[in-house]
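Once you've looked at the hints, dock chain B against the given chain A.
As you go down the protein sequences, you meet chains A and B in turn. Numbered per my numbering, the first sequence spans residues 1 to 607. Numbered per my numbering, the second sequence spans residues 1 to 80.
No lab work stands behind these hints: they were computed from the structure. A virtual CB, placed ideally from N, CA and C, is assigned to each residue, including glycine. A hint or two may mislead.
What the hints assert, rightly or not - Label-pair distances were calculated between CB atoms; the ranges are:
1. D38(B) to F86(A): 17 to 25 Å
2. V79(B) to G258(A): 51 to 59 Å
3. D38(B) to H33(A): 24 to 32 Å
4. G197(A) to N11(B): 46 to 54 Å
5. N58(B) to D256(A): 55 to 63 Å
6. D20(B) to D472(A): 55 to 63 Å
7. D334(A) to V79(B): 49 to 57 Å
8. G197(A) to N58(B): 16 to 24 Å
9. P353(A) to D20(B): 33 to 41 Å
10. K211(A) to Q61(B): 13 to 21 Å
11. R150(A) to D20(B): 42 to 50 Å
12. E172(A) to D20(B): 42 to 50 Å
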Amino acid sequence: MNKLEYPFDSEYILKKSKSIRRELSADGTKRTHKKIAVLGGSTTHDYIRVLELFLLNYGIEPEFYESEYDQYYQDAMFDPKELVSFEPDLIYIHTGYRNIENLPVPGMSREESDNCLNAEFDRFKVMWKHLADTYHCPVIQNNFEYPFYRVMGNYEATDPSGRVRYVNRLNEMFAEYASVTEAFYIHDINYLSASYGLDKWIDPAFWHMYKYMCSMQAIPEFAYSLSHIMKAIWGKNKKALVLDLDNTLWGGIVGDDGPEGLEIGMETSVGQTYTEFQTYLKEQKKIGVLLNIDSKNDEENAMAGLEHPAGVLKKEDFIEIRANWDPKDRNLIDIASAINILPDSMVFVDDNPAERMIVADQVPGVNVPDIGQPEEYIRNIDKNGYFEVIGLSEDDKKRNDMYKANAERSHLQAAYTDYREYLLGLKMKARIAPFEQLYYNRISQLTNKSNQFNLTTLRCTVADIEKYSLSDEYITLYGQLEDKFGDNGIVSLLMGRIDNEASALHMELWLMSCRVLKRDMECAMKDAIVKAARAKGLSRIYGYYYPTAKNGMVKEFYMTMGFEPVSEEKAVRLLPPDAAQGSSVWVLEISGDYENDNNVIEVEEGF
Amino acid sequence: MTREEIYEELNEVFRDVFDDESITVDDETTADDIDDWDSLEHINLIAAVEQQFGIKFNMGQIVTMKNVGEMVNYIEANVE
Numbered sequence: 001m002n003k004l005e006y007p008f009d010s011e012y013i014l015k016k017s018k019s020i021r022r023e024l025s026a027d028g029t030k031r032t033h034k035k036i037a038v039l040g041g042s043t044t045h046d047y048i049r050v051l052e053l054f055l056l057n058y059g060i061e062p063e064f065y066e067s068e069y070d071q072y073y074q075d076a077m078f079d080p081k082e083l084v085s086f087e088p089d090l091i092y093i094h095t096g097y098r099n100i101e102n103l104p105v106p107g108m109s110r111e112e113s114d115n116c117l118n119a120e121f122d123r124f125k126v127m128w129k130h131l132a133d134t135y136h137c138p139v140i141q142n143n144f145e146y147p148f149y150r151v152m153g154n155y156e157a158t159d160p161s162g163r164v165r166y167v168n169r170l171n172e173m174f175a176e177y178a179s180v181t182e183a184f185y186i187h188d189i190n191y192l193s194a195s196y197g198l199d200k201w202i203d204p205a206f207w208h209m210y211k212y213m214c215s216m217q218a219i220p221e222f223a224y225s226l227s228h229i230m231k232a233i234w235g236k237n238k239k240a241l242v243l244d245l246d247n248t249l250w251g252g253i254v255g256d257d258g259p260e261g262l263e264i265g266m267e268t269s270v271g272q273t274y275t276e277f278q279t280y281l282k283e284q285k286k287i288g289v290l291l292n293i294d295s296k297n298d299e300e301n302a303m304a305g306l307e308h309p310a311g312v313l314k315k316e317d318f319i320e321i322r323a324n325w326d327p328k329d330r331n332l333i334d335i336a337s338a339i340n341i342l343p344d345s346m347v348f349v350d351d352n353p354a355e356r357m358i359v360a361d362q363v364p365g366v367n368v369p370d371i372g373q374p375e376e377y378i379r380n381i382d383k384n385g386y387f388e389v390i391g392l393s394e395d396d397k398k399r400n401d402m403y404k405a406n407a408e409r410s411h412l413q414a415a416y417t418d419y420r421e422y423l424l425g426l427k428m429k430a431r432i433a434p435f436e437q438l439y440y441n442r443i444s445q446l447t448n449k450s451n452q453f454n455l456t457t458l459r460c461t462v463a464d465i466e467k468y469s470l471s472d473e474y475i476t477l478y479g480q481l482e483d484k485f486g487d488n489g490i491v492s493l494l495m496g497r498i499d500n501e502a503s504a505l506h507m508e509l510w511l512m513s514c515r516v517l518k519r520d521m522e523c524a525m526k527d528a529i530v531k532a533a534r535a536k537g538l539s540r541i542y543g544y545y546y547p548t549a550k551n552g553m554v555k556e557f558y559m560t561m562g563f564e565p566v567s568e569e570k571a572v573r574l575l576p577p578d579a580a581q582g583s584s585v586w587v588l589e590i591s592g593d594y595e596n597d598n599n600v601i602e603v604e605e606g607f
Numbered sequence: 001m002t003r004e005e006i007y008e009e010l011n012e013v014f015r016d017v018f019d020d021e022s023i024t025v026d027d028e029t030t031a032d033d034i035d036d037w038d039s040l041e042h043i044n045l046i047a048a049v050e051q052q053f054g055i056k057f058n059m060g061q062i063v064t065m066k067n068v069g070e071m072v073n074y075i076e077a078n079v080e
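Okay, chain A solo, but in the shape it has when bound (with noise of 0.2 Å):
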């Protein structure tokens, strides 16, 4: 919904919250359940009340906790009943700088506001541990915004007493934490408030009058941004920017002007306000967005363009380039089949208004930001938090490298007439073994944005992940495949329960990145947890398959496999009580020899 994108008119999404809610309730979207406490230190009822709509139109339904008034550190720490019954999926505290209890004075000792200082971020560590131990689920927490006034004026800012200092330090003392800290994630409202403006941003009238922490009018940006790191954790990011070329990338059309006459580079202002746009990008490939483009030009001229001594982007930071005359539209769906992910985890990026309209009413569920004039390009697509980050593993760093890997292996394909002998050419080397601590997060992750390949679409938090690894009950495999192009990185997830009354294994997951299918690594995979199954002594593995909007692919994957369809009477008895209308239930006996079926990947095998 175009009017809960930045930029958004906060007015309208106050006022209009209801009929909004109503509005996105009944549009038909299938979402994802997930239950929400937030403890706040403040009233919390309309940050709620906007952050709802905000969930919704990722496609996800909230049910919330709300805390009574101020009271997050008691629920927090005394484990109320209503809390533990809650079952919480995420904790959210919202706290900020009216909450430090422990501020220094002003003109106190070095030694003492050291002291507030630890007895502040203590105070909330033990309650952070306590959650961690107590609900093994993702926690969010404020950090502290500036005050509103400073006794000292500028010097506020160096004595330790200065209360400017001491929300920095204890700020930073924060994010140290959650840098080496598994699912716990800082909701930055200090980069926030600053960007709002402190001054519009602190009420004191709303705060003495209702206790709200920020003024009424800052809250949709508030619950904008907290958004942004809910779906991060529920795996509702984007993954790819599809880019056009004239006036977005860079001034002038190449076609007309030719590249000679384009602007770009340091020359002109207008060329440095498309300099730092293709910075920005570049910086987003970093991250391990995925860059492609699609362009009303002939290749010749884009290529052209793109070779401009002056640009920052050049083809090779491309995955896929559509320059031609065909309907964008179309060549968007195109790039998203050739590098394997759905349309709706692209952001169109185009300065003209009629292409993102065909492009926003052809592909249901892409965004199509109104990218503004060059010099909002990139506030217009950054306030979006498409990308939020909530954790780089080595993977999101070297995607672009395996996806240009993946379009260089295409290219050999085509010079193998045998297929096999092809994979024996990517010299396949695999790694299979059970979930190891050091990626719990990459795990995670991929449970979270895997969807094509996906039987199960379960999905884990790093906590879930890390309680299955230690359970007895459960047999989990990762797989990590590498060629000759490169490293892949973690691809493949497997997950069974042990049912030693039945001698099976109830496969509750099961996953494969895209990136690497028709590689026979879900043969591997199979071979693997055959093996595994056997040494426990388990003799047959049930595979599950629950139909999703976007797991088609892989509905006959169990057939495929060598499973056999177990009988419908039998099947209802093994399928979960609420399983989608279409579920269905498969089973491989593995008693008897089992020759496997991978032969073209070297495996190593952890288990």
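Frame of chain A; chain B shown alone:
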């Protein structure tokens, strides 16, 4: 702006905030007359009224307002 004109716009604000097209307010209307008008919705309502008329109530006014009539008095005095 006349009182009638103020009421016309004010009714729209009430209908938006409470998402109820049947609402019509007058001088005597209080929070007791509208189902959803609790202390939390009151905050939202005040913000929406301020935005609609381009005015800002001060704290003293907000906490002493007894009915819609008094709200309209403030609006009348402040709006251009």
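Here is what the structure says about each hint:
no.: 1; hint: D38(B) to F86(A): 17 to 25 Å; in the structure: 23 Å, holds
no.: 2; hint: V79(B) to G258(A): 51 to 59 Å; in the structure: 58 Å, holds
no.: 3; hint: D38(B) to H33(A): 24 to 32 Å; in the structure: 27 Å, holds
no.: 4; hint: G197(A) to N11(B): 46 to 54 Å; in the structure: 33 Å, violated
no.: 5; hint: N58(B) to D256(A): 55 to 63 Å; in the structure: 59 Å, holds
no.: 6; hint: D20(B) to D472(A): 55 to 63 Å; in the structure: 57 Å, holds
no.: 7; hint: D334(A) to V79(B): 49 to 57 Å; in the structure: 56 Å, holds
no.: 8; hint: G197(A) to N58(B): 16 to 24 Å; in the structure: 21 Å, holds
no.: 9; hint: P353(A) to D20(B): 33 to 41 Å; in the structure: 36 Å, holds
no.: 10; hint: K211(A) to Q61(B): 13 to 21 Å; in the structure: 19 Å, holds
no.: 11; hint: R150(A) to D20(B): 42 to 50 Å; in the structure: 46 Å, holds
no.: 12; hint: E172(A) to D20(B): 42 to 50 Å; in the structure: 48 Å, holds
When held up to the earlier numbered hints, the structure conflicts with hint 4 and nothing else.
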